[in-house]
Amino acid sequence: MTRVFVEGSEALAAAAIAAGCRFFAGYPMTPFTGLLDHMAKMLPEAGGVVVNAESELEAVGMAWGALATGARAATGSTGQGLSLMQESLSEITRAELPLVVFNLARGQADYFQATRGGGHGDYRHIVLAPIDIHEAVAHTQMAFHLADRWRNPVLIYGDYLLAHTYESVDIGPMDFPELPPKDWAVDGSLGGTGRSRNLNPIGMTKGSKGIEPQSFLDRLNLKCEAMAREEMRFESEFCEDAELLVVAFGTLAKFVRFVVRQMREEGLRVGYARPISLWPFPSEDLRAAAAGVREVAVLEMNAGQMIDDVRLAILGDAPVTAIGGISMDEAGFGIGPLLDPDTIRCRVEALLRLKEKVA
Amino acid sequence: MSSSKSNLPILSTQAPPSEPATHLGGPHPDLLLDGDHDLCPGCGEPVAIRLLLEAIEELGCGQSSIATVGIGCYTAFTSIIDLDLVQALHGRAPSVATGIKRMRPESLVFTLQGDGDMVNEGLQEVLHTAARGENVTCVLLNNGVFGETGGHMTATTVLGQRTKNSLEGRDAAYHGQPILIGEMLASLDGTAYAARGSVADATSISRTRRMLKKAFQAQLNGEGFSFVEILTMCPTGWFIETARGPAYMSEVMGSVHVTGELKSGQ
Numbered sequence: 001m002t003r004v005f006v007e008g009s010e011a012l013a014a015a016a017i018a019a020g021c022r023f024f025a026g027y028p029m030t031p032f033t034g035l036l037d038h039m040a041k042m043l044p045e046a047g048g049v050v051v052n053a054e055s056e057l058e059a060v061g062m063a064w065g066a067l068a069t070g071a072r073a074a075t076g077s078t079g080q081g082l083s084l085m086q087e088s089l090s091e092i093t094r095a096e097l098p099l100v101v102f103n104l105a106r107g108q109a110d111y112f113q114a115t116r117g118g119g120h121g122d123y124r125h126i127v128l129a130p131i132d133i134h135e136a137v138a139h140t141q142m143a144f145h146l147a148d149r150w151r152n153p154v155l156i157y158g159d160y161l162l163a164h165t166y167e168s169v170d171i172g173p174m175d176f177p178e179l180p181p182k183d184w185a186v187d188g189s190l191g192g193t194g195r196s197r198n199l200n201p202i203g204m205t206k207g208s209k210g211i212e213p214q215s216f217l218d219r220l221n222l223k224c225e226a227m228a229r230e231e232m233r234f235e236s237e238f239c240e241d242a243e244l245l246v247v248a249f250g251t252l253a254k255f256v257r258f259v260v261r262q263m264r265e266e267g268l269r270v271g272y273a274r275p276i277s278l279w280p281f282p283s284e285d286l287r288a289a290a291a292g293v294r295e296v297a298v299l300e301m302n303a304g305q306m307i308d309d310v311r312l313a314i315l316g317d318a319p320v321t322a323i324g325g326i327s328m329d330e331a332g333f334g335i336g337p338l339l340d341p342d343t344i345r346c347r348v349e350a351l352l353r354l355k356e357k358v359a
Numbered sequence: 001m002s003s004s005k006s007n008l009p010i011l012s013t014q015a016p017p018s019e020p021a022t023h024l025g026g027p028h029p030d031l032l033l034d035g036d037h038d039l040c041p042g043c044g045e046p047v048a049i050r051l052l053l054e055a056i057e058e059l060g061c062g063q064s065s066i067a068t069v070g071i072g073c074y075t076a077f078t079s080i081i082d083l084d085l086v087q088a089l090h091g092r093a094p095s096v097a098t099g100i101k102r103m104r105p106e107s108l109v110f111t112l113q114g115d116g117d118m119v120n121e122g123l124q125e126v127l128h129t130a131a132r133g134e135n136v137t138c139v140l141l142n143n144g145v146f147g148e149t150g151g152h153m154t155a156t157t158v159l160g161q162r163t164k165n166s167l168e169g170r171d172a173a174y175h176g177q178p179i180l181i182g183e184m185l186a187s188l189d190g191t192a193y194a195a196r197g198s199v200a201d202a203t204s205i206s207r208t209r210r211m212l213k214k215a216f217q218a219q220l221n222g223e224g225f226s227f228v229e230i231l232t233m234c235p236t237g238w239f240i241e242t243a244r245g246p247a248y249m250s251e252v253m254g255s256v257h258v259t260g261e262l263k264s265g266q
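Protein sequence lines, in the order shown, are assigned to chains A and B. Quick note on the working numbering: the first sequence kicks off at 1 and runs consecutively. Quick note on the working numbering: the second sequence kicks off at 1 and runs consecutively.
Think of the hints as simulated: they come from the structure by calculation, not from any bench. A few of these clues could be false.
To be verified - Here are the simulated DSS-like cross-link-like pairs (lysine-lysine), alpha carbons at most 30 Å apart as the crow flies:
| id | chain 1 | residue 1 | chain 2 | residue 2 |
| --- | --- | --- | --- | --- |
| 1 | B | LYS263 | B | LYS213 |
| 2 | A | LYS206 | B | LYS214 |
| 3 | A | LYS206 | B | LYS213 |
| 4 | A | LYS206 | A | LYS182 |
| 5 | A | LYS223 | A | LYS182 |
| 6 | B | LYS214 | B | LYS263 |
Just chain A, with the same shape it has in the complex:
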């Protein structure tokens, strides 16, 4: 395996292709456009297909069809484009198709969209929020595996920083446990045998009239509960004797981790925690990491979204305070003034000093 110095968008495309993605459809929108560009260039060379869809609605519909044949397929956009896809994202989940969807978002304000979903009905997507391009390459490959394993969509939550910065990374196929063959995929071969397939999001099956929504939805919910138990991912540093625990996700967390390490070197009792999977939210790990801290600070670049999940995880063990906020550049791409170690340090230190004063 060789290291290459690449832009995030290209790394994501290469990782998806290394994972076996053979179909991609999308509609350009900054900062997702770069991924579409690279897919359009690289995927046909790998024997795959990229379709420039007439809108995000059709992009997700085309991916739906490709997935139905058993191919590994993906789509993506920014949060704005994902808003258009929500109806299909919800239905694809109930049709149990293993979609990988990229949200290269304009900042962190799509946390609710990613973790709650904007579509109808009961459904969940596994949501991975890589901290940098290196991790995004691994997450992308893992996303295709997890989507197939659970027959459930997996969302990669990235942003402008991830899409448009460069890193030196290894991109090569990763090993994952073997999965059962996709005998559910349509290939036309079972027509006329009485055993033909019906990939259906409302629980309609072949040979029986009507649907049984209760048992169908109960089964999907049991699967969802199993995903919630098994797919939590979390990292933390310096939590044992921390007075203040700072929680962040995605690329912003790399700045927070840097600041916390720096403050620790100076003897300040600060800890760092990062939900790697935004859904399932690693509540138990976070609560354990926060045991004994005087306060939990949440740093996110939005008006306060992940803080809801942090509060639900902490269960009142410590006060939870928002120290982030809306942070925008002039173009609205989410590259705001908060993406700066000094600014982050000021906010963390202010809360720490305030606590010391109160104590």
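Once you've looked at the hints, dock chain B against the given chain A.
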């Protein structure tokens, strides 16, 4: 006729039949699991679906076809159509079919949609699929109403037609003009074959079967997008007596949505 019908008893034509025709065994296409359906009496959709399945059988594509079905009354058939099948959202079937075909170019890939599905909610999808010359076949069952919701106006409802939300008849000034989807699709360069048939009577039924076979053949030849629109009766949604369905369809709908081949490679 396919060989599977050859075992039917031969009737004497010397005297009127002594029993109703349905007692003769109720043959249904091999690609249908059950001959019964739950749609309304006089509905044209079961006839159209039968033609569709017979056309696939006759082309020998029973074990190489993938259906993408939209949302409407005909969706009830997804449990008995014996083909590999993907249920799509309202309007989205042409995009889903695109994804299927791109991954399985050797399969016969078609959509089954109604007018509310294709021409209202999914107009953009079917137009772009045709414009791309996507090598799939879209089949439209056009009855000019949302039948499943109980007879509401669609984009193909003809002027003057009464529906639940055009009670005094469709008025161009108030409700707008109907869309002639077949002509619209035929005008696109990506479309290889487009035709509008009907299930009003025996003649139109056999013409429509030929249209379906030509559309599928165009796909098998790799000629590009193919389209067959089939006018189907909906006496329930039209608020007319069941027996009047075919005549009403030919007179009221057929004068606007005129049947015939709209584009053909030949």
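Against the structure, the hints come out as follows:
no., hint, verdict
1, LYS263/B to LYS213/B, "holds (14 Å)"
2, LYS206/A to LYS214/B, "holds (28 Å)"
3, LYS206/A to LYS213/B, "holds (25 Å)"
4, LYS206/A to LYS182/A, "holds (18 Å)"
5, LYS223/A to LYS182/A, "holds (17 Å)"
6, LYS214/B to LYS263/B, "holds (11 Å)"
Of the numbered hints listed earlier, not one is contradicted by the structure.
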